[in-house]
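*Asks:* Listed below, chain by chain, are the residues.
2 protein chains.
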Amino acid sequence: MKIVATLTLAAAAITMAAPAQAQFAKPEDAIKYRKSALTVMSTHFGRVGAMVAGRVPFDATAAASNAAIAESMSKLPWPAFVEGSGVGDTKARPEIWSDAAKFKAANEKMQAAMSNLATVAKGGNLDAIKTAFGPAGATCKACHDDFRKE
Amino acid sequence: MKIVATLTLAAAAITMAAPAQAQFAKPEDAIKYRKSALTVMSTHFGRVGAMVAGRVPFDATAAASNAAIAESMSKLPWPAFVEGSGVGDTKARPEIWSDAAKFKAANEKMQAAMSNLATVAKGGNLDAIKTAFGPAGATCKACHDDFRKE
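So the sequence lines, in the order shown, correspond to chains A and B.
Under the numbering used here, the first residue of the first sequence carries the number 1, and numbering increases by one thereafter.
Under the numbering used here, the first residue of the second sequence carries the number 1, and numbering increases by one thereafter.
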């Protein structure tokens with residue numbers, strides 16, 4: 001999907017362009033940004049979930065659109081987990097920084113699952129979307145269990 | 001730009017798929033969502049602005065990436081200005097709903113200016129980016145002046 005490739009490249013370019021810390025003037029700016037990106041992602045992911053759960057009638061176009069936006073958003077939050085942004089209005093656990101490799105693996109797994117969901121959703125088959133949705137939701141939960149405070 | 005076309009279509013499809021109100025379970029969800037989308041947009045727009053103002057060295061790739069993300073985000077907030085979401089944790093003025101045509105024109109003008117900035121930024125010329133940035137910033141300010149409380 002072009003949108004995925006473009007946003008992935010965009011995110012990579014931003015990450016390379018400057019150290020992550022330099023992207024945010026204050027830790028609270030980084031916190032607000034990453035929470036915002038995750039809110040937008042979860043809104044669109046949740047709309048796919050509502051169809052998967054049968055709470056909303058299946059609409060193939062809407063499912064594909066929402067999954068594409070969720071996937072795009074899934075690339076954005078991670079550079080905002082800058083050192084020193086583990087305090088304040090955040091549920092981030094210290095393990096995000098003390099076990100950075102595990103955190104990176106977890107968020108990469110989520111991005112891959114969101115990417116798969118977006119690809120599958122383009123096909124317009126609800127059963128296939130259901131199959132892809134579960135593992136994507138599981139990656140959200142896994143990361144929250146390990147890296148987000150209650 | 002493919003990303004623009006894709007996200008524009010995605011946003012249009014979502015808008016068509018269901019009445020805006022049905023997209024959010026509660027008015028506060030709509031408020032949180034639109035503020036989040038605007039936060040992500042303004043973060044990336046601001047990174048272009050930092051280069052335009054000379055506070056950060058010009059990096060053509062980063063400028064293009066940030067402008068592309070800002071443009072993508074500029075499509076998202078509007079369906080979240082649902083009826084009944086003018087109270088609570090929001091600075092939205094009642095004119096958003098009482099003068100809906102003017103609000104729509106203002107946000108369409110902003111989207112067009114962001115789209116232009118993203119197109120220009122792909123060209124990698126700082127002077128051209130400066131020329132496109134000012135009017136885009138002016139559309140943010142105009143809408144805030146008319147439709148956002150102090």
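No lab work stands behind these hints, which were simulated from the structure alone.
Since the model is a prediction, treat every value here as computed from it, not as a measurement.
Hints are supplied without guarantee of correctness; some may be wrong.
Stated by the list, open to error - Cross-link-like lysine to aspartate or glutamate pairs, in silico, EDC-like; alpha carbons within 20 angstroms at most:
hint: 1; chain 1: B; residue 1: Lys35; chain 2: A; residue 2: Asp145
hint: 2; chain 1: A; residue 1: Lys122; chain 2: A; residue 2: Glu28
hint: 3; chain 1: A; residue 1: Lys35; chain 2: B; residue 2: Asp59
hint: 4; chain 1: A; residue 1: Lys104; chain 2: A; residue 2: Asp145
hint: 5; chain 1: A; residue 1: Lys141; chain 2: A; residue 2: Glu95
hint: 6; chain 1: B; residue 1: Lys35; chain 2: A; residue 2: Glu95
*Asks:* Against this structure, judge whether each hint is valid.
*Replies:* A quick look at each hint next to the structure:
Of the pairs offered as hints, the one joining Lys35 (chain B) and Asp145 (chain A) is violated, with about 26 angstroms between alpha carbons and a cut-off of 20 angstroms exceeded. At roughly 37 angstroms between alpha-carbon atoms, Lys122 (chain A) and Glu28 (chain A) are farther apart than 20 angstroms, so this suggested pair is violated. At most 20 angstroms may separate the alpha-carbon atoms for a hinted pair to count; Lys35 (chain A) and Asp59 (chain B) exceed this at roughly 26 angstroms. Pair hint Lys104 (chain A) plus Asp145 (chain A) holds up; C-alpha atoms about 15 angstroms apart against a cutoff of 20 angstroms.
Taking the CA atoms of Lys141 (chain A) and Glu95 (chain A), the gap is near 16 angstroms; set against the 20 angstroms cutoff, the hint holds. Distance hint between Lys35 (chain B) and Glu95 (chain A) is unfulfilled; the C-alpha atoms sit about 28 angstroms from each other, more than 20 angstroms.
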